[in-house]
Amino acid sequence: MQQRFNVHRGILVMLVLTALLGISACGGGKSVKRISADEVTDLSGEWNDTDSRLVSREMVEDLLAQRWLSRFRSEQGRAPTVIVGRIRNLSHEHINTRTFIADIERALINSGEVDFVASPEEREEVRKERRDQDLNASEATRKIMGEELGADFMLQGAINSIVDAIEGRQARFYQVDLTLIDLQTNRKVWIGQKKIKKTISRSNVRW
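Our numbering applies: residue 68 is where the sequence shown begins, and numbers increase by one.
If you're looking for bench data, these hints aren't it; they were derived computationally from the structure.
Where a beta carbon is used, it is the ideal one built from N, C-alpha and C, also for glycine.
There's no promise every hint is true.
Unchecked claim - For each label pair, taking beta carbons as the anchor points, the in silico distance ranges come out as:
id : residue 1 : residue 2 : range
1  : GLN143    : ILE258    : 13 to 23 Å
2  : ILE233    : ASP129    : 28 to 38 Å
3  : ARG165    : GLU142    : 26 to 36 Å
4  : ASP182    : ALA225    : 22 to 32 Å
5  : SER186    : LYS210    : 17 to 27 Å
Using the sequences plus the hints, can you model the full thing?
What follows is the structure, given as structure tokens:
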């Protein structure tokens, strides 16, 4: 009996050790390093957060440096009101254009050079709140309908890409085109373009 108990205990110990080794192997030596969100990273060669941040900043700087802004301020005596419209992803890969739009909006707002209005999706939620206030908020605090700030200009654009590959080498070219349009006249007052080119090398890989 004692011998059989020792055998079962030995088997149980082996099973536990095997399970522990399996759990350890699943880790695969994985390590995580926390870095600054502003640090430049480019692991895959695809469009990433660094591209979004740098492109949006450079294009907004160019946008605000052109004559349309000073001309509008001189003619209207106030800062222009801008809204970001649709920015289409026409590239070969999935790109989260919402992140790119958010980077553009932040750069424009933080510049202090223009006023900024909410997107159509955001406006719908705000209008729903105003309708609710019209029924439930006190007269002294409710916000009335029909007092929204209309945009003077809309920013639209697209992200395009070209891929050239042979054996273990690949070149990726991204082109971002943005256009600022006068909502009253449909006149294009600014056209901006930013290009990014990356080369990727992988051994023993055919694209």
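- Kindly confirm whether 22 to 32 Å is satisfied by the beta carbon distance between ASP182 and ALA225. This hint holds: roughly 25 Å between Cβ atoms.
- Message: Tell me if the beta carbons of SER186 and LYS210 are separated by a distance inside 17 to 27 Å.
- Response: 19 Å, holds
- Query: Within 26 to 36 Å or not, the Cβ separation of ARG165 and GLU142?
  - Reply: For GLU142 against ARG165, whose Cβ atoms are near 34 Å apart, the range 26 to 36 Å holds.
- Could you say whether the range 28 to 38 Å given as a hint is met by the Cβ separation of ILE233 and ASP129? At 34 Å between Cβs, range holds.
- Query: Within 13 to 23 Å or not, the Cβ separation of GLN143 and ILE258?
  - Reply: 22 Å, holds
When each numbered hint is compared with the structure, no violation occurs for any of them.
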